[in-house]
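Visitor: Whole structure, please, built from the sequences with the hints as guidance.
Protein chains: 2
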Amino acid sequence: MKKGVIAGIEMGGTKTVVAVGQADGTVLEEFRYPTTDGEETFKTAIEWLRERGEPRAIGVAAFGPVSVNKARPDYGQMLKTPKPGWAGFSIVGALKEAFPNVKVEIETDVNAAVLAEANGLADVAYITIGTGIGGGVMADGKLLHGAVHSEFGHWFPRKAAGDDFGGVCPFHGDCLEGLASGPAMTKRWGKEPKELLADPQAWEFETYYLAQACMTLLASVNPSRVVIGGGVSQAEGFHAMVEEKLRTMAKGYFAALEENTPFVVPPLHAQQAGIRGALMLLA
Amino acid sequence: MKKGVIAGIEMGGTKTVVAVGQADGTVLEEFRYPTTDGEETFKTAIEWLRERGEPRAIGVAAFGPVSVNKARPDYGQMLKTPKPGWAGFSIVGALKEAFPNVKVEIETDVNAAVLAEANGLADVAYITIGTGIGGGVMADGKLLHGAVHSEFGHWFPRKAAGDDFGGVCPFHGDCLEGLASGPAMTKRWGKEPKELLADPQAWEFETYYLAQACMTLLASVNPSRVVIGGGVSQAEGFHAMVEEKLRTMAKGYFAALEENTPFVVPPLHAQQAGIRGALMLLA
Numbered sequence: 001m002k003k004g005v006i007a008g009i010e011m012g013g014t015k016t017v018v019a020v021g022q023a024d025g026t027v028l029e030e031f032r033y034p035t036t037d038g039e040e041t042f043k044t045a046i047e048w049l050r051e052r053g054e055p056r057a058i059g060v061a062a063f064g065p066v067s068v069n070k071a072r073p074d075y076g077q078m079l080k081t082p083k084p085g086w087a088g089f090s091i092v093g094a095l096k097e098a099f100p101n102v103k104v105e106i107e108t109d110v111n112a113a114v115l116a117e118a119n120g121l122a123d124v125a126y127i128t129i130g131t132g133i134g135g136g137v138m139a140d141g142k143l144l145h146g147a148v149h150s151e152f153g154h155w156f157p158r159k160a161a162g163d164d165f166g167g168v169c170p171f172h173g174d175c176l177e178g179l180a181s182g183p184a185m186t187k188r189w190g191k192e193p194k195e196l197l198a199d200p201q202a203w204e205f206e207t208y209y210l211a212q213a214c215m216t217l218l219a220s221v222n223p224s225r226v227v228i229g230g231g232v233s234q235a236e237g238f239h240a241m242v243e244e245k246l247r248t249m250a251k252g253y254f255a256a257l258e259e260n261t262p263f264v265v266p267p268l269h270a271q272q273a274g275i276r277g278a279l280m281l282l283a
Numbered sequence: 001m002k003k004g005v006i007a008g009i010e011m012g013g014t015k016t017v018v019a020v021g022q023a024d025g026t027v028l029e030e031f032r033y034p035t036t037d038g039e040e041t042f043k044t045a046i047e048w049l050r051e052r053g054e055p056r057a058i059g060v061a062a063f064g065p066v067s068v069n070k071a072r073p074d075y076g077q078m079l080k081t082p083k084p085g086w087a088g089f090s091i092v093g094a095l096k097e098a099f100p101n102v103k104v105e106i107e108t109d110v111n112a113a114v115l116a117e118a119n120g121l122a123d124v125a126y127i128t129i130g131t132g133i134g135g136g137v138m139a140d141g142k143l144l145h146g147a148v149h150s151e152f153g154h155w156f157p158r159k160a161a162g163d164d165f166g167g168v169c170p171f172h173g174d175c176l177e178g179l180a181s182g183p184a185m186t187k188r189w190g191k192e193p194k195e196l197l198a199d200p201q202a203w204e205f206e207t208y209y210l211a212q213a214c215m216t217l218l219a220s221v222n223p224s225r226v227v228i229g230g231g232v233s234q235a236e237g238f239h240a241m242v243e244e245k246l247r248t249m250a251k252g253y254f255a256a257l258e259e260n261t262p263f264v265v266p267p268l269h270a271q272q273a274g275i276r277g278a279l280m281l282l283a
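Chains A and B, in that order, are what the protein sequence lines are.
Under my numbering, the residue at position 47 of the first sequence is numbered 47, and the numbers go up by one with no gaps.
Under my numbering, the residue at position 204 of the second sequence is numbered 204, and the numbers go up by one with no gaps.
By construction, these hints were calculated from the structure, which means they are not laboratory data.
For every residue, glycine included, the Cβ atom is placed at its ideal position computed from N, Cα and C.
Take the hints with a grain of salt, since some may be wrong.
Stated by the list, open to error - Cut-off 20 Å, straight-line C-alpha distance, at most; resulting in silico cross-link-like pairs (SDA-like, lysine to any residue):
1. K70(B) <-> D140(A)
2. K159(B) <-> E244(B)
3. K70(B) <-> L121(A)
4. K80(B) <-> Y253(A)
5. K194(A) <-> T131(A)
6. K159(B) <-> G173(A)
7. K96(A) <-> E47(A)
8. K15(A) <-> E47(A)
9. K70(B) <-> N260(A)
10. K251(B) <-> R158(A)
11. K191(B) <-> F238(B)
12. K15(A) <-> W48(A)
13. K80(B) <-> R247(A)
14. K194(A) <-> Q271(A)
15. K251(A) <-> R158(B)
16. K43(B) <-> V92(B)
17. K245(A) <-> G173(B)
18. K43(A) <-> S90(A)
19. K142(A) <-> A71(B)
20. K80(A) <-> N260(B)
21. K251(B) <-> A240(B)
22. K142(A) <-> K142(B)
23. K15(A) <-> D37(A)
24. K83(A) <-> T131(A)
25. K251(A) <-> G166(B)
26. K245(A) <-> R158(B)
27. K70(A) <-> K142(B)
28. K245(B) <-> P170(A)
29. K159(A) <-> A161(B)
30. K103(A) <-> R72(A)
Said to hold, decoys possible - Stretches of chain A that chain B covers, calculated by requiring three or more beta carbons in the stretch to come under 8 Å of a beta carbon on chain B:
31. 151-159
32. 214-222
Guide: Okay, here's the thing in structure tokens:
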């Protein structure tokens, strides 16, 4: 591996990306493959990296729940999860065993994405809407963890008038993820989000819930921009609809919203945000 | 003023506290007086401090909206507010004019309170329920600002079954503050909160909204403890009721909640949290 070239790994629920690149987020070469269990998924990444020479540093963007708070004794490990072969798996341990001298930085996938999408701002939130709903936050120029990490899909938005859907979250039913994730849309309307593009009612509900999500972020972490990515956010006009509903409900109250237009934006790097952010952890 | 003795000012909506003390939060002497406009309120504080000798440092805990983010050009000033005689008032400017060599640190009142209440934890949130509802956050050992600061009273909780109250927030009607502040309770039930202690329905609603607030904090800033203070939180068993409802709705999902019992607690320092926190800003 050339001097200055580093590695990134983005673990997704269904696919993993391993790459070599630079700490500014540039991907020089990447390999995408299906995510299986912890052992096998990392064996594949490690072999691919070995063929390119020993990396001096690896940034990891991991799906949750994962311990990314350095103050925790289980730092670098996957936490309790129903996903087979992941609970307790040590990501940092596996990488250090393969490459004893490597520096490893690990973050949630959504925090890595917010790093890639911050674009010079110090206070930004990122929401991704796909199989689940997750959120990452940069506040005061630093990625936010809290005790474990944000779980932005799991709070209760107010239901839209006329919405009696019970939701799909196995824990909470009609929390944000239960009402507005990709599987929620598919179950509610009997069609996948991409087949619903011409259905205004579907997007009325969807953008209403995401507008509430933005207002909840303003009330709590107070970003100056919210980036919304993920498959469900790709309908035409999606971000403008969320922003319009947000401004209607916020009633001019939040200085951070009043001072920033547009406030709700699509990602700059689309599907590359996670792997770019993984590399940028090493900057 | 003796060596090592510093000053703190806590600006409240109705009363202001000025004190001399120590950076560990110890108050040696304090003076409480009614808050009027910016000029007059600070003139009183400055005169009281002058009689005790020139302070070398002053910590200020300010009601919002106030610019506490050092990256903003209006740092240290009050932002746009309907409160007469405060919009644009420069707190840091007034103190520096009176005491040219003084070091000034300024925070929101709720962030100062979270500093006083953190008790060794790195990830803590503080909610106060009084005339309004505000929140402060310490995450990863640092007070969180975001672009301006949190406004935790102003998001939309799900309404309780049977609650058709329209709320009292002049901006948002039935946002959290509109539904659960002191004035909201008084308007809803026709009695002040302290006269409602024997009314279980009033506390069912109130603790349901605060339990949602805790869940929303877990989803966003993920604290390992939530401190709830302010007049309305002083009903017997209030914190235990909030925690019980929170655990019922969270369904074991949040590691930060599962790992910490009790999770919802009263303040250690009651009405002294703000002024103690103001002094602790100088540590």
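Visitor: All hints, please: hold or fail.
Guide: Here is how each hint holds up against the structure:
1. K70(B) <-> D140(A): holds, 10 Å
2. K159(B) <-> E244(B): holds, 18 Å
3. K70(B) <-> L121(A): holds, 14 Å
4. K80(B) <-> Y253(A): Within the cut-off at roughly 10 Å; holds.
5. K194(A) <-> T131(A): OK: K194(A) and T131(A) at ~14 Å, within 20 Å.
6. K159(B) <-> G173(A): With Cα atoms ~16 Å apart, K159(B) and G173(A) stay inside 20 Å; holds.
7. K96(A) <-> E47(A): Roughly 14 Å separates the two Cα atoms, so the pair holds.
8. K15(A) <-> E47(A): The given pair, whose Cα atoms are some 17 Å apart, holds under the 20 Å limit.
9. K70(B) <-> N260(A): At roughly 18 Å apart (the allowed maximum being 20 Å), N260(A) and K70(B) satisfy the hint.
10. K251(B) <-> R158(A): Holds. K251(B) to R158(A) sits at ~19 Å (cutoff 20 Å).
11. K191(B) <-> F238(B): Holds - the C-alpha atoms of F238(B) and K191(B) are around 18 Å apart, at most 20 Å.
12. K15(A) <-> W48(A): holds, 15 Å
13. K80(B) <-> R247(A): holds, 18 Å
14. K194(A) <-> Q271(A): holds, 17 Å
15. K251(A) <-> R158(B): Roughly 19 Å between the alpha carbons, so the hint for K251(A) and R158(B) holds.
16. K43(B) <-> V92(B): holds, 13 Å
17. K245(A) <-> G173(B): The hint holds at about 16 Å.
18. K43(A) <-> S90(A): Cα-Cα ~13 Å, so holds.
19. K142(A) <-> A71(B): holds, 14 Å
20. K80(A) <-> N260(B): holds, 16 Å
21. K251(B) <-> A240(B): With a Cα-Cα distance of about 17 Å, the restraint between K251(B) and A240(B) holds, given a limit of 20 Å.
22. K142(A) <-> K142(B): holds, 10 Å
23. K15(A) <-> D37(A): Distance of about 11 Å is within 20 Å: holds.
24. K83(A) <-> T131(A): It holds: about 14 Å lies between the C-alpha atoms, which stays within 20 Å.
25. K251(A) <-> G166(B): holds, 16 Å
26. K245(A) <-> R158(B): holds, 17 Å
27. K70(A) <-> K142(B): holds, 15 Å
28. K245(B) <-> P170(A): Holds, at about 19 Å.
29. K159(A) <-> A161(B): holds, 13 Å
30. K103(A) <-> R72(A): Status holds; Cα separation ~18 Å.
31. 151-159: holds (count 9)
32. 214-222: holds (count 8)
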